[in-house]
Amino acid sequence: MRPGNFESGQILLVEATDGGSRTDIPSWAKDTGNELLERTSEDGVYRYIIRKK
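Going by my numbering, the sequence shown opens with residue 1, and the numbers climb by one from there.
Certain hints may be false.
Ranges of calculated distance between the beta carbons of each label pair, as one might list FRET restraints [unchecked claim]: (1) Asn5 <-> Asp43: 15 to 21 angstroms; (2) Glu7 <-> Gly44: 18 to 24 angstroms; (3) Asn5 <-> Ser27: 27 to 33 angstroms; (4) Ser8 <-> Asp43: 31 to 37 angstroms; (5) Ser8 <-> Arg47: 30 to 36 angstroms; (6) Val45 <-> Ile11: 17 to 23 angstroms; (7) Ile11 <-> Asp31: 16 to 22 angstroms; (8) Lys30 <-> Gln10: 14 to 20 angstroms; (9) Asp43 <-> Gly9: 15 to 21 angstroms; (10) Asp43 <-> Glu7: 28 to 34 angstroms; (11) Glu15 <-> Lys53: 19 to 25 angstroms; (12) Lys53 <-> Thr23: 18 to 24 angstroms; (13) Gln10 <-> Asp43: 24 to 30 angstroms; (14) Thr40 <-> Gln10: 18 to 24 angstroms.
Since the hints were derived computationally from the structure, they do not count as laboratory data. Please read all numbers here as calculations on a predicted model, not as lab measurements. The beta carbon of each residue, even a glycine, is placed where N, CA and C say it ideally should be.
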């Protein structure tokens, strides 16, 4: 399933190894009206849990 096919309220897990995602993902979520529920990092992997608007 592509992210554009998610329905409102569904949850998306994004995993990244790029440190730039620490600012990019929260900014993207805010700009698109999606809700960043949680962000964590472990062993160089950044995880973001996002609820689609």
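Each hint tested on the structure:
1. Between Asn5 and Asp43, the C-beta spacing of about 30 angstroms breaks the proposed range 15 to 21 angstroms.
2. A beta carbon spacing of about 32 angstroms between Glu7 and Gly44 contradicts the range 18 to 24 angstroms that was offered as a hint.
3. Range check, Asn5 to Ser27: Cβ separation about 23 angstroms, and the 27 to 33 angstroms hint is violated.
4. At about 33 angstroms, the CB distance of Ser8 to Asp43 agrees with the hint of 31 to 37 angstroms.
5. Range check, Ser8 to Arg47: Cβ separation about 22 angstroms, and the 30 to 36 angstroms hint is violated.
6. Range check, Val45 to Ile11: about 18 angstroms between beta-carbon atoms, so the 17 to 23 angstroms window is met.
7. In this structure the hint that Ile11 and Asp31 lie 16 to 22 angstroms apart at CB holds, the actual value being about 19 angstroms.
8. Distance hint for Lys30 and Gln10: a CB-CB separation of about 18 angstroms, consistent with the stated range 14 to 20 angstroms.
9. Take Asp43 and Gly9: their Cβ atoms lie about 31 angstroms apart, and the range 15 to 21 angstroms is violated.
10. At roughly 32 angstroms, the beta-carbon separation of Asp43 and Glu7 lies within the given 28 to 34 angstroms, and the hint holds.
11. Distance hint check for Glu15 and Lys53: the Cβ-Cβ separation is about 21 angstroms, which falls inside the suggested range of 19 to 25 angstroms.
12. The beta-carbon spacing between Lys53 and Thr23, approximately 20 angstroms, falls within the hinted interval of 18 to 24 angstroms.
13. Checking the proposed 24 to 30 angstroms range against Gln10 and Asp43 shows it holds: the Cβ atoms sit about 27 angstroms from each other.
14. One distance hint, 18 to 24 angstroms for the beta-carbon pair Thr40 and Gln10, holds here, with the actual separation near 20 angstroms.
Of the numbered hints given earlier, the model fails hints 1, 2, 3, 5 and 9; all others are met.
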